[in-house]
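Asker: Assemble chain B onto chain A, guided by the hints.
Protein chains in written order, with the working numbering: chain A, 121 to 520; chain B, 121 to 520.
To be clear, the hints were calculated from the coordinates, so they are not data collected in a lab. There may be inaccurate statements among the hints.
Copies of one chain are not kept apart here, so a pair can be met inside one copy or by any two copies together.
Unchecked claim - Pairs of lysine-lysine, BS3-like flavour, derived with a Cα cap of 30 Å:
(1) 321 with 486
(2) 485 with 456
(3) 318 with 485
(4) 402 with 358
(5) 456 with 405
There are 2 protein chains.
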Amino acid sequence: MKSISEISYAAARGIVEANIKHLTRVETIDIDECPGRVLAETIVARLSVPSFDRSAMDGYAVIAADTNDASRDNPKILNILGELHAGDTTTETVRRGECIKVATGAMIPYGADAVVMIENAERNGTSCKIFQPFTAATNISQAGEDIKEGETLLNQGVVLDAGKIGVLATQGLTRASVFVKPVVAIISSGEEISEPGKELKPGTIYDVNSHTIASVVQENGGVPLILGIVRDNLEQIKAKIIEGLNSDIVVISGGSSVGERDMLVNALEGWGEVFFHGVQVKPGKPTLFALVQGKPFFGMPGPPTSCLIHSLLFLGPAIRKMGGLRPKPLRTVTAKLERRVSGMEGRRQFLPVLVKGNEAVPVFKKSGTITSVAWTDGYIEIPEDSASLDKGTKVIVTLF
Amino acid sequence: MKSISEISYAAARGIVEANIKHLTRVETIDIDECPGRVLAETIVARLSVPSFDRSAMDGYAVIAADTNDASRDNPKILNILGELHAGDTTTETVRRGECIKVATGAMIPYGADAVVMIENAERNGTSCKIFQPFTAATNISQAGEDIKEGETLLNQGVVLDAGKIGVLATQGLTRASVFVKPVVAIISSGEEISEPGKELKPGTIYDVNSHTIASVVQENGGVPLILGIVRDNLEQIKAKIIEGLNSDIVVISGGSSVGERDMLVNALEGWGEVFFHGVQVKPGKPTLFALVQGKPFFGMPGPPTSCLIHSLLFLGPAIRKMGGLRPKPLRTVTAKLERRVSGMEGRRQFLPVLVKGNEAVPVFKKSGTITSVAWTDGYIEIPEDSASLDKGTKVIVTLF
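The following block holds chain A by itself, in its conformation from the complex (with noise of 0.2 Å):
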């Protein structure tokens, strides 16, 4: 097993990133669960969108060599053979001298080559008078205006969307295949950790990471699979680690103190390759990223700030690698920093900030507080290389 230990946050993502694979498993679903997924086929369209020629608007199918000459002075005068409505379907032709009433989205009769708009045309009975000349084409949509049969429709890896749902649904498909979504197991480790739903005992807190690290998960594109609680003990770790290699991606967080730390490195020892454990950011540091049997691992902080800010910047990305998702389109905000803020030689500092009006205010209590988080809006970077940052400094807050 080779490990490195401390390195920079740069590197550590760039690790990361290099060990995620994509996905290949597909499931067929319906194509109205599909918002958001990866498409895993390529469409071809097996249908011309529309399969036939249709009106588009409300009028008269006419052959247009037949307007030539009509003007207000000499109308020319058609025989409405009939009339055909959208949906219906038709073996009657139109022949010279001759025309069919054709409601909007209707068949275009054969023979016919243009619709007179309604508007244009003076009905009598069973003719009608048309006052000036049309050409071929007027007022069709043509067959495969919109799609034509072999083309290709969507590529494999695109995110479904309304539109492209749409571009399924015109080809009659009620079901898409589409990737699996990662599903990550979730550890929390640790004496002092009680499950929610129970009283808690002296000296104990209620497990937080579990469920902020679920809903990084959800917010990924990934399913969460909380598998509880272990304690300190070497053979509980293990085994939890096994049930958890089940999954696409295990992640357990906790071991705050140095002897628990170092019971995770000895767990993993010959099951896998430890790429980091510490990466120089603030809060947090003791995050670990491993290959164990082929599957990513990581080892997250125990305090929950730190937890979740490592969550977002490392496990984040790695979901949507794997379920074939783009990176998350950052939102930010620029402000002015409403104090100044220390910098931290050699690590990089993701602090956060409430925006008010136009100032990033550092609300930042201590790495085991949630709070930091849930009460802020967002995060400001402070690089590895700044003595600190003055009050009235322009930043960037990446919003939560």
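Answerer: The following block gives chain B in isolation, referenced to the frame of chain A:
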């Protein structure tokens, strides 16, 4: 029934906005199902977090006063009473001259008021030496440092994300009360519309609008309920609308011909108030908005591009308001028009474009073509008073 015919885009948006009420129905769900949901209760802390003073480091819990005179030359020797791990409960008390070894996260034993990091002490069997003074509170996370019992943690109406779900978890909550997602009944009308999954009859097209609307509904936090296709028959339309009124919003698309559009207005006669029927927007125009038995009712244009764009413009924001979500943050890019486009006096145009490099390439086939949306990146808005926009004009593209 009051019937207003064609109105401006801005007026139509305003009328919809003014007539949509935030739903007050709530449901109680697992906190891990809460990402993106709107909290329906105000959460007040029933527990301080942590609920006890705890050690922030691996070290020795001491009485700070004992270390007052400690120095390298004259270290203070303390008797080690025992050891506390995270999660342990203790009844032991530290007295002058004593200490207890504590792990990170462990409860501070009674009597002690500071923790000396393990690196700053030298253990020798059952005692340890301290070489410098420490002030009270050193390396102690105070009870209530994150959350104080009785304080308001989350207000009703906040959208739950990872941080806020973490706050729920600190309190040991497994479930939370959230506002229900608006249920949107979706109806397609028209004789020419066929259901997907069945063979296409000549002269018909598959139903696209039900599925694009269902996608818009989900993208805006609603639940779609597809009620299927109705034919151009007043009684059938009425019956389907009655079925739809069990939901929170009813949307019917189609009615492309003049006669069909009139039928919808007739169907609503005496049931409610039609606020507008026709919006000065291109593509699409005949959009109808009404309150029917108090429920918002949308009549969307039949052509797929018009229907989808109007659903994005009018239905999406309505669902968000009803569900208590803020307006969707629009993602935009600026680009230069690749070619001149014509304005349309008195109608606001939403013109689908591809973004290629820094150019916005107008791509619009016809309002009936779903590929106008599916194969583009977003749209540009051309105001009602623009005669045209020249090639090279800087435009803002709102991404789909």
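Asker: Taking 30 Å as the upper bound on the Cα-Cα distance, should residue 321 and residue 486 be classified as within, between, both, or neither?
Answerer: Intra 23 Å, inter 67 Å, cutoff 30 Å: intra-copy only.
Asker: State whether the alpha carbon distance between residue 456 and residue 405 is at most 30 Å within one copy, between copies, both, or neither.
Answerer: Close inside one copy (27 Å), not across copies (45 Å); limit 30 Å.
Asker: Please work out whether the CA atoms of residue 402 and residue 358 approach to 30 Å or closer within one copy, between two copies, in both situations, or in neither?
Answerer: Within one copy, since 29 Å is at most 30 Å while 62 Å is not.
Asker: Should residue 318 paired with residue 485 be assigned to within, between, both, or neither, using CA atoms and 30 Å as the limit?
Answerer: within (27 Å within a copy, 61 Å between copies)
Asker: Checking residue 485 and residue 456: alpha-carbon separation at most 30 Å within a copy, between copies, both or neither?
Answerer: For residue 485 and residue 456, the Cα distance is within 30 Å only inside one copy (20 Å; across copies 46 Å).
In this structure, every one of the numbered hints holds.
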